[in-house]
Each structure stands twice: as structure tokens, then as C-alpha cells.
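What follows is each chain in one-letter form.
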Amino acid sequence: MAADPYTTLGVKKDATQDDIQKAYRRLAKRLHPDLNPGNKTAEDKFKEVTAAYDLLGDPDKRARFDSGEIDAQGSERPRQQQYYRDFADQGGWSAYTNSSGFSDFGEFAGSEDILSEIFGRQGRAGRRRRGQDVRYHLDLSFLDAINGGKQSIILPDGATLEVNIPPGTRDGQVLRLKGKGRPGVGDGPPGDALIEISVLPHPYFTRKGDDIYLDLPISLKQAVLGAKVKVPTPSGVVTAAVPKWSNTGRVLRLKGRGAPRPDGSKGDEYVKLMLMLPQKPDPALEAFVAQWQPVADIPRQSMGV
Amino acid sequence: MEIQEFIGRSHLDTPTLNAWVEAEWLVPVVSRKRSFFSEADLARARLIQDLKMDFGVNDEGVAIILHLLDQLYGLRCLVRDIHAMEAPDRTSDSG
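Sequences listed follow chains W and U, in order. Here the first sequence is numbered in this note's numbering, starting from 1 and rising by one per residue. Here the second sequence is numbered in this note's numbering, starting from 1 and rising by one per residue.
Rather than coming from a laboratory, the hints here were simulated on the basis of the structure. No experiment lies behind these values; they were computed from the predicted model shown. Errors might be hidden in some of the hints.
Simulated pairs of lysine-lysine, DSSO-like, Cα-Cα distance not exceeding 27 angstroms [as the list claims (entries may be wrong)]:
1. W/Lys-208 / U/Lys-52
2. W/Lys-47 / W/Lys-29
3. U/Lys-52 / W/Lys-45
4. W/Lys-61 / U/Lys-52
5. W/Lys-40 / U/Lys-52
6. W/Lys-150 / U/Lys-33
Pairwise CB distance ranges (calculated) [to be verified]:
7. U/His-11 / W/Asp-211: 12 to 22 angstroms
8. U/Glu-24 / W/Glu-162: 40 to 50 angstroms
9. U/His-11 / W/Ala-296: 15 to 25 angstroms
10. W/Asp-215 / U/Ile-3: 19 to 29 angstroms
11. W/Arg-253 / U/Leu-68: 50 to 60 angstroms
12. U/Leu-75 / W/Arg-26: 24 to 34 angstroms
13. W/Gly-209 / U/Ala-63: 28 to 38 angstroms
14. W/Leu-220 / U/Val-30: 31 to 41 angstroms
15. U/Arg-34 / W/Ile-70: 42 to 52 angstroms
16. U/Val-30 / W/Glu-162: 18 to 28 angstroms
The C-beta atom is built at its ideal place from N, Cα and C for all residues, glycine as well.
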């Protein structure tokens with residue numbers, strides 16, 4: 001931002017703090033991108049105005065700027081986040097979208113009433129036109145996405161749409177339901193329903209590609225002596241062998257226990273062992289370790305300490 | 001994202017966030033009694049912060065602005081739908 005902040009806000013050098021605030025608010029309501037979604041140039045101007053206000057709105061910073069101690073540069077507020085309009089204006093209906101601004105036109109968006117009125121006026125009534133695609137959003141639990149199954153979406157008009165979730169569905173995947181969109185105009189075919197999937201996080205599984213990752217706590221005794229332990233996988237509990245003398249960080253691979261792929265094969269589950277001391281202090285263990293004479297053991301040797 | 005990450009990234013405190021969710025200014029997805037927020041929720045929280053802190057809007061004003069904005073975005077969505085239906089037709093007319 002190189003321009004003079006006083007010019008940017010349109011105030012005189014001797015303006016009061018009150019005048020500056022008023023000038024900022026007057027500009028900001030015209031320029032805030034979320035309040036002016038149709039104005040694509042608003043964002044850059046809004047940034048400029050906000051930066052100017054960050055400088056002049058603070059009497060200390062303003063005094064330092066006036067005395068030449070700081071310049072207009074570097075006063076810009078870091079703003080990496082996207083604006084709300086970037087999401088609200090993507091064209092889909094969200095939890096927030098509100099149709100009461102036009103519900104008196106007929107039923108919901110895309111209803112025949114409003115469309116036929118608009119197209120009819122232009123002499124287009126009775127044409128054959130494919131119905132529109134409709135976009136929906138569906139949040140799936142981690143396991144529902146991996147294991148697949150039926151889910152239903154409640155549509156804005158109260159109807160229910162059954163969705164078949166294929167096993168192994170990924171976050172961000174879009175499922176297309178043919179013919180489940182808006183009805184066609186005239187004898188045109190209906191559009192499709194496009195369902196964008198978000199997969200919610202799981203308390204202990206994470207997924208990378210088709211593989212599943214899990215941190216598995218094991219007891220001291222299991223780590224030292226080895227054991228058969230039960231391990232959760234997305235498709236149920238399996239038993240795995242923890243080898244004798246297994247340290248924290250050791251990874252066991254459970255082949256074919258990951259997410260299903262479209263070709264019928266499956267990813268793997270990677271189990272990272274985490275050695276856990278007993279939850280409650282154990283006097284017997286403390287007594288044993290106190291009298292234990294280990295051979296020289298420096299686990300931090302590679303760090304040089 | 002879960003509530004802790006949302007608080008961290010939005011710089012809101014827990015009572016404020018709870019009040020906003022209570023007022024339905026923010027509508028997180030609730031799954032198994034846990035709330036999950038989207039990037040859109042984060043951007044919306046940022047907008048509410050702008051309204052309250054920079055623009056001096058009080059709580060009643062924020063509620064009205066959000067209600068009108070949600071209608072505005074709903075209308076834009078509808079207009080875009082109508083536009084999309086009309087566009088293929090125009091090309092077939094000219095051909």
C-alpha cells in the first residue's frame with residue numbers, strides 16, 4: 001500500500017479520530033467483500049482502506065506516521081483467510097442460505113412458477129429443456145465413508161433423497177445421482193443431483209489415500225515380552241502379534257485392512273505402537289527398576305547429548 | 001475442524017463462540033455430540049468480527065445483517081441457477 005492513508009480514507013490531515021472512524025465505516029460498508037458479493041474489485045480496495053484505517057484509527061500509530069517515524073507500508077493487517085462470500089457465493093445451498101427473500105414467488109428455487117414466469121415472458125414457455133443439476137453437501141462419519149452404505153439427505157422441501165455411498169468414499173468426492181436434480185422443462189429430462197462428500201475426522205483413525213493409520217497404546221509388559229493384542233480396524237477388531245522387545249514407534253502393517261478401492265482391493269492399516277507405562281503408579285515396578293542394573297544404554301546418543 | 005482448532009484460528013473465546021452458535025449465527029455440523037466447523041464457518045466468523053469490531057454493529061444489528069445477507073446469497077444462487085438454465089438455450093437459438 002503506497003497511497004497516502006489520508007487520501008485513501010478521504011479525510012483531511014487534521015481530521016479527528018471520530019471523523020476517521022466515520023470515513024472508514026462509510027467506505028467499508030460499500031467495500032466489504034461479504035456485504036458486496038457482486039463487486040469483484042471491492043476486495044482490493046477494502047484491503048487498502050482497512051490498512052489505512054489500521055494506521056490512522058490508532059492515535060499512537062497515527063502520531064508516529066505523522067512524524068514520519070513509520071510509513072504507510074507494513075501497516076497492512078494480515079488477512080490470509082478467505083472471505084465469507086467465497087463460500088456463500090459458490091452456487092450451492094448451505095445451512096445458512098435463506099429463501100425467504102423470494103419464497104412468495106412460488107415454491108423453492110427452480111420451481112416451475114418462477115421459471116415459467118420468467119421464461120414465459122420471453123416467449124420460451126413450453127420449450128424442451130433438461131432440468132438443472134442440484135448440488136448438495138453430505139457429511140459422513142469416517143467409518144460410514146470407508147464402509148459405505150445408504151445415507152439419506154433431507155431436501156429443502158422436506159423430501160428425502162437416498163444416497164448409496166460406495167465403500168472407500170473419500171473426502172471431497174462428488175457423487176452423481178442421475179435424474180435426481182430439478183425436473184426438466186417441457187418434456188426435457190431431469191437434471192442430476194451432485195452430492196459433495198465431507199468426511200468427518202475419527203477419534204483415532206486417520207486416512208492417507210487408501211491406507212489407515214493408527215497409534216496403538218501397548219503396555220510395558222506387552223512391549224518387552226511380546227503379545228497378541230486386539231487392534232481396531234475400520235472393518236472390525238483383529239488380533240495382531242506384537243513382537244518381543246517392541247519399542248514406541250514400531251509400525252506393524254495389517255495388509256488389506258485399509259479402505260476399499262473401486263477395483264475391490266483394499267489399502268493397508270499401519271499400526272504405530274506407543275509404549276504406555278501403567279496408568280497408576282505401581283510400587284512393585286518402581287522397586288524393580290530401582291534395583292535394576294541395566295547395561296549402558298544412551299537412547300539420546302544420536303543427538304550427541 | 002474441531003472446536004479447539006476453530007477457536008485457535010478465529011481468535012474467539014469459548015463463551016463468545018457458544019453465544020454465536022446459540023444465536024445460530026454459526027451452525028456447525030454436530031456429529032456424536034461433537035461440533036465440527038467448516039472453512040465457510042471460519043470466514044463467516046471473521047465477517048461477524050468485522051461487523052462487531054470495525055463497523056460498530058451491535059448484536060441486534062448483526063442478527064439482522066446476517067439474515068439479510070443469507071437472503072442475498074440465496075437470491076444470488078437462484079439468479080445463477082436461472083441464468084445457467086437460460087444460457088444453453090441461447091446458444092441453441094443462435095445455431
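Cross-check of the supplied hints:
Note on W/Lys-208 and U/Lys-52: the hinted pairing is violated, with a Cα-Cα distance of about 40 angstroms set against a maximum of 27 angstroms. Restraint check for W/Lys-47 and W/Lys-29: the C-alpha separation of about 13 angstroms stays at or below 27 angstroms, so the hint holds. The hinted pair formed by U/Lys-52 and W/Lys-45 meets the criterion: a straight-line CA distance of about 20 angstroms does not exceed 27 angstroms. A distance of roughly 22 angstroms separates the Cα atoms of W/Lys-61 and U/Lys-52; the hinted pair therefore holds under the 27 angstroms criterion.
Simply put, W/Lys-40 and U/Lys-52 have alpha-carbon atoms about 24 angstroms apart, close enough for the 27 angstroms limit, and the pair holds. The straight-line distance between the Cα atoms of W/Lys-150 and U/Lys-33 is roughly 22 angstroms, inside the 27 angstroms bound, and the hint therefore holds. Our hint of 12 to 22 angstroms for U/His-11 and W/Asp-211 is violated, since their Cβ atoms are close to 35 angstroms apart. Between U/Glu-24 and W/Glu-162 the beta carbons are some 28 angstroms apart, a value that contradicts the proposed interval 40 to 50 angstroms.
The hinted window of 15 to 25 angstroms between U/His-11 and W/Ala-296 is violated, with their beta carbons roughly 50 angstroms apart. At about 22 angstroms, the beta-carbon gap between W/Asp-215 and U/Ile-3 stays in the expected band of 19 to 29 angstroms. Checked against the hint of 50 to 60 angstroms, the pair W/Arg-253 and U/Leu-68 passes, with Cβ atoms roughly 55 angstroms apart. The beta-carbon spacing between U/Leu-75 and W/Arg-26, approximately 25 angstroms, falls within the hinted interval of 24 to 34 angstroms.
Taking 28 to 38 angstroms as the suggested C-beta distance range, the pair W/Gly-209 and U/Ala-63 does not conform, at roughly 44 angstroms. About 39 angstroms separates the C-beta atoms of W/Leu-220 and U/Val-30, a value consistent with the hinted range of 31 to 41 angstroms. Checked against the hint of 42 to 52 angstroms, the C-beta distance between U/Arg-34 and W/Ile-70 comes to roughly 45 angstroms, which is consistent with it. Against the hinted window of 18 to 28 angstroms, the Cβ-Cβ separation of U/Val-30 and W/Glu-162 comes to about 22 angstroms, which satisfies the hint.
In this structure, the hints that do not hold are numbers 1, 7, 8, 9 and 13, in rising order.
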